[in-house]
Amino acid sequence: MADRDAFDSEAGSLGASPDAVQFRFREDDMAGDATVTVDAFLAQSDASAVRIEPGDDTRELLPHLARLTLVEVNFPSFGDGRGYSAARILREEGYRGELRAVGDIGVDQLSHMRRCGFDAFAPERPLGEADAERALATWDNVYQHAVDTKLGAWRTIAQKRHGAGA
Amino acid sequence: MYRYDNYDQAMVDARVEEFRDQTRRRLDGSLSEDQFKPLRLMNGLYLQLHAYMLRVAIPYGTLNSRQLIALGDIADKYDRGYGHFTTRQNLQYNWVKLANAPEILADLAKVEMHAIQTSGNCIRNISSDHFAGAAADELVDPRPYAELLRQWSSFHPEFTYLPRKFKIAVIAAEKDRAAMRLHDIGIQIVERDGEIGARFFVGGGMGRTPMIAPMIREFVPLDQLVTYAEACLRVYNRYGRRDNKYKARIKILVHELGAEEYTRQVEEEFAHLLKVGVEPPREELERIKGFFTEPPFEDGPKQVDRSDPDFALWLRNNTHRHKHDCYVSAVISLKPVGGIPGDASGEQMRLMARLAKEYSFDELRIMHTQNVVLPHVRIADLPALWTALDEAGLGASNMDTIEDMIACPGLDYCSLANARSIPLAQRISERFDAAGKTEKLGELKLKISGCINACGHHHAGHIGILGVDRKGVENYQLSLGGSEAEDVSLAKITGPGFTEDGVIEAVEKVTDVYLERKEGEERFLDTYRRIGMEPFKEALYG
Numbered sequence: 001m002a003d004r005d006a007f008d009s010e011a012g013s014l015g016a017s018p019d020a021v022q023f024r025f026r027e028d029d030m031a032g033d034a035t036v037t038v039d040a041f042l043a044q045s046d047a048s049a050v051r052i053e054p055g056d057d058t059r060e061l062l063p064h065l066a067r068l069t070l071v072e073v074n075f076p077s078f079g080d081g082r083g084y085s086a087a088r089i090l091r092e093e094g095y096r097g098e099l100r101a102v103g104d105i106g107v108d109q110l111s112h113m114r115r116c117g118f119d120a121f122a123p124e125r126p127l128g129e130a131d132a133e134r135a136l137a138t139w140d141n142v143y144q145h146a147v148d149t150k151l152g153a154w155r156t157i158a159q160k161r162h163g164a165g166a
Numbered sequence: 001m002y003r004y005d006n007y008d009q010a011m012v013d014a015r016v017e018e019f020r021d022q023t024r025r026r027l028d029g030s031l032s033e034d035q036f037k038p039l040r041l042m043n044g045l046y047l048q049l050h051a052y053m054l055r056v057a058i059p060y061g062t063l064n065s066r067q068l069i070a071l072g073d074i075a076d077k078y079d080r081g082y083g084h085f086t087t088r089q090n091l092q093y094n095w096v097k098l099a100n101a102p103e104i105l106a107d108l109a110k111v112e113m114h115a116i117q118t119s120g121n122c123i124r125n126i127s128s129d130h131f132a133g134a135a136a137d138e139l140v141d142p143r144p145y146a147e148l149l150r151q152w153s154s155f156h157p158e159f160t161y162l163p164r165k166f167k168i169a170v171i172a173a174e175k176d177r178a179a180m181r182l183h184d185i186g187i188q189i190v191e192r193d194g195e196i197g198a199r200f201f202v203g204g205g206m207g208r209t210p211m212i213a214p215m216i217r218e219f220v221p222l223d224q225l226v227t228y229a230e231a232c233l234r235v236y237n238r239y240g241r242r243d244n245k246y247k248a249r250i251k252i253l254v255h256e257l258g259a260e261e262y263t264r265q266v267e268e269e270f271a272h273l274l275k276v277g278v279e280p281p282r283e284e285l286e287r288i289k290g291f292f293t294e295p296p297f298e299d300g301p302k303q304v305d306r307s308d309p310d311f312a313l314w315l316r317n318n319t320h321r322h323k324h325d326c327y328v329s330a331v332i333s334l335k336p337v338g339g340i341p342g343d344a345s346g347e348q349m350r351l352m353a354r355l356a357k358e359y360s361f362d363e364l365r366i367m368h369t370q371n372v373v374l375p376h377v378r379i380a381d382l383p384a385l386w387t388a389l390d391e392a393g394l395g396a397s398n399m400d401t402i403e404d405m406i407a408c409p410g411l412d413y414c415s416l417a418n419a420r421s422i423p424l425a426q427r428i429s430e431r432f433d434a435a436g437k438t439e440k441l442g443e444l445k446l447k448i449s450g451c452i453n454a455c456g457h458h459h460a461g462h463i464g465i466l467g468v469d470r471k472g473v474e475n476y477q478l479s480l481g482g483s484e485a486e487d488v489s490l491a492k493i494t495g496p497g498f499t500e501d502g503v504i505e506a507v508e509k510v511t512d513v514y515l516e517r518k519e520g521e522e523r524f525l526d527t528y529r530r531i532g533m534e535p536f537k538e539a540l541y542g
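Line by line, the protein sequences give chains B and U.
Going by our numbering, the letters in the first sequence line up with residues 1 to 166, in that order.
Going by our numbering, the letters in the second sequence line up with residues 1 to 542, in that order.
Just so you know, these hints were derived from the structure itself, not from any lab.
Bear in mind that the values here come from a model prediction, so they are computed numbers and not experimental data.
Keep in mind that a hint or two might mislead.
[Said to hold, decoys possible] Under the rule of at most 30 Å between Cα atoms (straight-line distance), these lysine-lysine pairs were calculated in the BS3-like manner:
1) U:K77 x U:K357
2) B:K150 x U:K77
3) U:K471 x U:K537
4) B:K160 x U:K537
5) U:K37 x U:K175
6) B:K150 x U:K289
7) U:K537 x B:K150
8) U:K357 x U:K440
9) U:K175 x B:K160
10) B:K160 x U:K275
Isolated chain U, as found in the complex (with noise of 0.2 Å):
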């Protein structure tokens, strides 16, 4: 994986010690709040209902063993002994103090860390794909493209002032594991008569007004991407909106200009930057290729005793073909029965490194699902992994099935949210564990936001949950029929909203409804997808 060299580290120990002077000033009286504000925006540190809370950036989702022991460390030292994953591949954690901000950054930038561009209006952590580098079908590893952009993107001049948050995805493989036509710009890595090049989408995004993002460019040169990826953002800086923060992401500029009118102005603002030269020299790419290299892989056996039945699930479930036929990605899921999603302990944390370090080459990701990845583990090794993740409470198997929800922090911390998210996606679990429907159902993706922001992808979900406001009592509006992979969608409400536990009803009858209408072996949204909303409905509100 990518290693800093004397400038990344500089730049980071840069950044803690104008963020140390920052704070000062804050606490000194001498930046009033306002001011700070965008400062510790920058940085990743939110004021939320109860404490502030530090977004940690983990570029593209990889992380090595050391890293998460420092994660899981800081947990225990700032923060309750918790940590929560995020839908960006990153870590937040929910009970920090300010005056500690600036020793915790110190404490990351140890370790190649930071928490650089995590909020505020800025080009945020460039995320991608959790299997890349190791995935049976991906085209090349798109994570050298993704830290390439992550190092333009950062301390940007020209746009750390920009209209709004700006998000981007790097993938690599038709399958689509991150959301990418759901970012700011998605941008895939393809092949164009043996050459590889970049696919630029743009203007997708969830929050109030979700849309999937065009097409504006089948294929960029490599040595012109950050180019190209400039010359996007420049059109957004000067034509999106500022008049309306609700109106000020870049999906909707795309979308009032049309995407050709929009892709017209880009390529203008392209052939003037191709003449000034703003893209990094060839070299640039070459060299970050060579920290991403394989692993000494070893051929080994191919398969493995399943006679254990909960391993021979968690074997099916939370394993991913390997572009190495000895070896598998392992899931390690964060979502065990009745717990919060995405959340670990530093106990957990320090575990899952040290199993890294033993299974898979030091490595590790975390998945925009908000769970944890090993990457390249020995198909021999699988059983001594299981055993070690299920004695720490880390062996549900149950990756990409109802009880793998994303839910967003919800209003037990969020200063955003209508209702609550947490407590919901718990009961969700433990209701379809103890009625042993789990499995019947397959793969079924659950997602919960707390409000209209969509931070939990409720209109990406299967099934989506959104919490409201409904005359001062929490309510839930059900969605069906969303998705964030290759087959993107976005979820449609079924009808009037339901209270929390009308709303556990209510996914209960839609899931029956599928296992009633199911054909073959069809998943819950293939269903969906052939038979409508209709028996959906009348089941909910017949």
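Just chain B, same shape as in the assembly (with noise of 0.2 Å):
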């Protein structure tokens, strides 16, 4: 994951309150505020963060994305990916604040939940360090534009056959 600079950061460690945070890829001061859901948060105006469940519409929130400091994707099942789509739109769309996964994730979701432009994790059961650190250092390269190539962290394997053009 060497070339991954500026998506990445030491800040990954163990992090403990406020929502049980255990890893956090971002510099910034974690944001204390309490979530609200989806509905909750279009209905009152100065809210900062709020929490996506699998059924929401993540693009209702698009019109507030600058007053947005908080966004968790809720994963009440690892098995349902709702949320890697939810998080890679809010990233499309502009979202640099933090976008923190929350619920039943295994160390094996770590590597594409960061692709997906999840820079914090708050799973329910705590995961072991060095299975997760093995996890996430799983990849060199990855096939295929997400949300870290687009950031200009990480190049797809077909941009670097290419070269600096592709």
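Put the two chains together into one complex, using the hints given.
Set out below in structure tokens:
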């Protein structure tokens, strides 16, 4: 993961509270705001944190991205992959605040979640740190575009094959 | 054919190490079976009735002799000396030990193979026309597009936990030899005003609720192919049903929304993704195409001595017209009379590999009908090839006949099955062969599934058989009139089901109706379409 610099940081150390964030890959201070549901968020004007559930339409948040500092995406079950699309959409639309995966998250989901733009993880069962570190370092290269390649830190295999102009 | 570079190899090697670590954690108890299951499934490892089954990916059904030799060696070393070719042009080992799985994956990686995404709710191995790059009737070789999509879909971070499994087929001929419209996404490479592009069909499938995919986009320019596929998948990932496993395939979403509304949502997402920019550089497609250039064909005889009637029959049934008129594609039938459809021994695999090297520019294909193709055989070499095949028990001249059945593993192996498929297939081929009826019936696609999940494609059979459980007894439903080809249609059930003996009688009866009523060169399917279900029902239940 050596050339993941702009998206990576040394800040990914074990966190404790709030919300039992175990891994965080951001330099800024953790937002301590209580998160609210998407419906509640859309109904009030001052909240700066929101929690997306699998059935929510992430795009409803797009007009309000500027005031958001924390978006939690809940995975009630790791097999429900809607949150991966939610994360990518937010990043594709320019959201740069904390994007935190919460819920049923295992070490084997971490690398894909990172690629989709998550930069904080609050698993409901704490993960083995060595296993998580190994899982995050699984891939030296990636085939397809995702949030990481779009932020400029990473390039796809095809881009590497065809040089700078590709 | 496609060869890995260091990047492709590193991806597969990384996956072997990852799975070795996951297996270690399962064996030491730090992963529960529930947690391990989706991970082993992503690597093609299923827990079946009696043992683990490992499914190996054969991308778009193409492989070389070195790879097939490795598959044969694995069959001997880690299985019981057999492998089973599948309807996704893959290979399954039915008797694998969990502790050996990482070693098998490591052996596969040495020959640029893997079991990645051969199961689980992700994008599965992409299938294609088994005569790709050889068929006289193709527009272009569809495999470069399949390879581009293979790379895009491998370890896709957004689409690894889809509502359900996802299957893509790519063809480039009007004739559909890949059941393209019975896929989640079927892509036909087409030409429009001198430009090559992709036609998208979305929402087909078999299973409990068979559906034929509607066309949702007539022409996607090639430099937007991956972007369009990504849009199709994203709409599915966000809105596909997750409340009911049996309604989770994309066909249900497309059906419930309506093709028009689904298409509208895809187009919206497509417009967004075009702005994001997810398409690989165009040079990548050109690089891939470089691996699929024509072998150095040479002129030679266009005819061969057909005085041996057995050889003449094999020639007629098991060869296909090649784009070079001094060559043919030759089909090696894995449907010997009374055999297990799609099975090959380690020894047979090594022999087929040797023949591919000698006679077919080192290339083989797996057909979705569970046979093997040598795509480029000189017509002059056919007698020698046939003799070698025949000596090895691989010379059956029954392609597309009633003996060339697709049958799922059924209750002999599968934990989902309600009824056995293999013994039924064996008995039917023995019976029709003994009666000398196979040839008279001509093209007749019989497909057998041992449960409603339809792995044996019974919905698409000219004759389909579905095994069900009827008060604890195996029972078989008969259906007629399906096709997976360009004249795609779904078979209709004839009426009440039959016992095992009864369904064999029933197949006999419907074929008799065909022989009596057939006009001219009609196939069974044509006669059925002309005269309808009634005469067949009458013969069965009248």
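Consistency of the hints with the structure:
1. U:K77 x U:K357: holds (23 Å)
2. B:K150 x U:K77: At roughly 45 Å apart (the allowed maximum being 30 Å), U:K77 and B:K150 break the hint.
3. U:K471 x U:K537: OK: U:K471 and U:K537 at ~24 Å, within 30 Å.
4. B:K160 x U:K537: violated (62 Å)
5. U:K37 x U:K175: Answer violated: U:K37 to U:K175 is near 39 Å, above 30 Å.
6. B:K150 x U:K289: Judged against 30 Å, a Cα distance of about 26 Å means the pair holds.
7. U:K537 x B:K150: Cα-Cα ~61 Å, so violated.
8. U:K357 x U:K440: violated (35 Å)
9. U:K175 x B:K160: violated (37 Å)
10. B:K160 x U:K275: holds (21 Å)
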